[in-house]
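The primary structure of each chain is shown beneath.
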Amino acid sequence: MNPFRCSLALFALLASMPAFAQEGVDSLIDRIVTPLSDGLSAMIFWEIPLPGVEQGIPFIVAWLVVAALVFTFYFGFINLRAMKHAFRLVRGDYTPPDAAGEVTHFQALATALSGTVGLGNIAGVALAVSIGGPGATFWMVLAGLFSMSTKFVECTLGVKYRNEYADGTVSGGPMYYLSKGLAAEYPRLKVFGRVLAVIFAVFCIGGALGAGAMFQTNQAFSQLVNVTGGENSVLNGFGWLFGLVIAVLVGLVIIGGIKSIARVTEKVVPLMAVLYVSSGLLIIGMNVEQLPAAFAAIIHGAFDPEGIYGGFIGVLILGFRRAAFSNEAGVGSAAIAHSAVRTDKPVTEGLVALYEPFIDTVVVCTITALVIIITGSLAEGSNIEGVALTSRAFAEAFDWFPIVLLVAVLMFAFSTTISWSYYGLKSFTYLFGEGQSKEVVFKLIVLGAVVVGSSINLASVMNFADAMILAMALPNLIGVYLLAPVVKRELKVYWDDYKAGRLKTYR
Amino acid sequence: MSRFLVGIDGSDCGERALDIAREHARAAGAELLVCYVINWSPFTFSTPQENAERHRRREEELSVARTKLLEPRVKSLIDEGIRAEGVARHGHPARTLVQLAEEHDASMIVIGRAGDTPMKTRIFGGTAAALVQSAPCPVLVVP
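Sequence order for the protein chains is A and B.
If you're matching positions, the first sequence starts at 1 in the working numbering and goes up one per residue.
If you're matching positions, the second sequence starts at 1 in the working numbering and goes up one per residue.
To be clear, the hints were calculated from the coordinates, so they are not data collected in a lab.
None of the values given here were measured: they were computed from a predicted structure.
Please note that a few of the clues may not be correct.
What the hints assert, rightly or not - With a straight-line cut-off of 35 Å between C-alpha atoms, the simulated DSBU-like cross-links for lysine-lysine are: (1) A:Lys267 with B:Lys68; (2) A:Lys259 with B:Lys68; (3) A:Lys488 with A:Lys259.
Put together the whole structure using the sequences plus the hints.
Written out as structure tokens, the structure reads:
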């Protein structure tokens with residue numbers, strides 16, 4: 001047992017070099033990496049001071065929200081006007097029958113969603129509401145609606161500039177549109193595009209290991225400990241064991257190619273999402289007489305929060321921030337997942353991607369917030385937050401719900417880790433070239449990160465992970481701004497065809 | 001000339017359906033359309049890795065179905081003097097067979113009932129029942 005653990009720990013240590021700080025050999029690494037990590041964190045979370053408010057707006061939140069607003073206006077409120085058409089695209093109305101067996105719009109959307117729906121929707125919202133009050137929900141939903149436009153642009157670009165290989169596989173995402181797209185549109189920016197693509201790929205690998213593998217298993221384990229008795233849980237201190245189990249399961253899927261585990265997850269994840277949403281709706285339905293009061297609290301809290309958390313601006317920033325963290329619009333991760341769709345019109349996938357922030361932030365987050373507000377869990381105690389608060393709110397109505405939530409959190413963590421390991425892998429192969437052995441090396445690093453993530457509890461590691469994932473938005477959005485005119489041209493052609501009834505429907 | 005459609009699935013029950021279809025086609029002087037449907041739904045969930053490889057997998061599935069299942073059977077039918085053609089397609093088995101019957105203007109569908117494993121029994125048994133409900137032409141169900 002011991003040598004086995006040691007070798008694994010050693011391996012895990014290697015995997016998490018950039019973030020792992022202890023005594024010995026790694027203190028050297030730490031000395032090199034910490035300034036980098038701190039510098040990055042400081043820049044990403046640097047707060048732009050605002051007059052009259054204690055807390056400024058974090059740079060990265062402003063960066064994402066400004067992009068969402070710019071794209072919403074630039075594309076003439078595509079987020080609202082294309083909803084109906086996008087729904088018909090997802091339903092397959094425009095998919096020719098001879099494409100049967102290919103990746104459909106629905107499948108690309110579902111895959112991307114399983115990478116984004118997760119702890120952000122359960123824990124993040126609870127965090128926002130417990131700190132900023134009901135009003136934070138309003139700003140979260142508003143930010144979610146605008147960020148749909150960002151997703152539209154980046155996912156269209158992901159499909160347009162993807163690589164289609166001779167063997168029939170596809171690879172897409174920001175790495176490809178930053179390098180190929182910028183080179184094609186702006187020949188003078190060729191080198192700049194490549195630099196952006198490399199920076200993106202580096203951040204994406206960091207995000208995959210940190211926020212994908214480490215953070216997810218860490219949070220899943222802490223919920224497991226919570227449900228089994230908190231401090232007194234028999235599982236307390238066995239994080240490494242939990243990490244090992246998850247690492248073996250993830251390894252069976254991503255290295256072993258064991259389809260059955262992936263298939264079980266694929267069945268259970270949507271089931272959990274549906275169960276979560278319907279339980280939430282049921283609780284709201286059972287307390288429907290309180291709904292007007294809840295909405296009033298949200299609106300009132302949004303515009304006139306009496307002295308809560310930095311007042312109006314504070315609550316607004318909090319809502320925006322949770323939305324950005326939850327739906328990852330602008331981060332570029334979704335563009336990787338969406339690019340596998342089979343279509344000759346990249347715009348269609350962009351339109352389908354509108355539903356990602358809509359489902360993630362507007363629907364799921366709102367339900368979570370309403371349940372927390374309606375059940376009155378918010379007022380009862382101020383010392384719990386995150387998953388625990390959501391768990392208690394749902395338990396007010398259904399006392400068995402914490403168990404369901406545990407399963408949901410485990411499943412979401414598992415599927416998010418698998419999705420992010422793929423995003424990281426694509427970035428890794430973009431940097432180092434494709435190849436069986438290189439891919440296995442990266443996948444082993446991911447597994448190491450899973451074990452480390454559940455064994456340790458270093459806030460700085462988690463901050464670093466968060467910083468990495470959001471840092472992806474820096475190179476990504478610069479490229480997306482520059483390439484937005486391309487999308488505008490494509491959208492015009494497509495939308496004219498649609499309005500003139502020239503698009504062929506098949507049902 | 002009339003055209004019969006026969007659904008095969010690589011199981012014994014598909015072979016029994018093919019045998020019966022062959023006899024009917026010979027007796028009626030009809031053309032035989034041998035169909036293999038690869039069970040697939042546009043509304044399933046998959047990992048990003050699977051999606052990236054989906055197009056290649058699809059081509060592989062179709063090519064295996066054509067070379068391993070359809071071509072030998074079509075060849076032996078033609079050798080016997082029956083005009084025959086093979087089709088492989090992804091989709092919901094019953095709905096796809098109905099589509100194929102409509103596209104090729106088939107005058108009869110021949111299908112096996114129950115395969116050799118419990119799983120196949122479920123899938124294929126359900127197909128026969130669904131076909132009886134929705135087919136545009138007579139359906140001959142072979143036990």
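Do the hints match the structure? See the list:
Using a Cα cut-off of 35 Å, the hinted pair A:Lys267 and B:Lys68 holds, with the two alpha carbons roughly 31 Å apart. Among the hinted pairs, A:Lys259 with B:Lys68 is consistent with the structure: their alpha-carbon atoms are about 24 Å apart, no more than 35 Å. About 39 Å separates the Cα atoms of A:Lys488 and A:Lys259, which puts this hinted pair outside 35 Å; it is violated.
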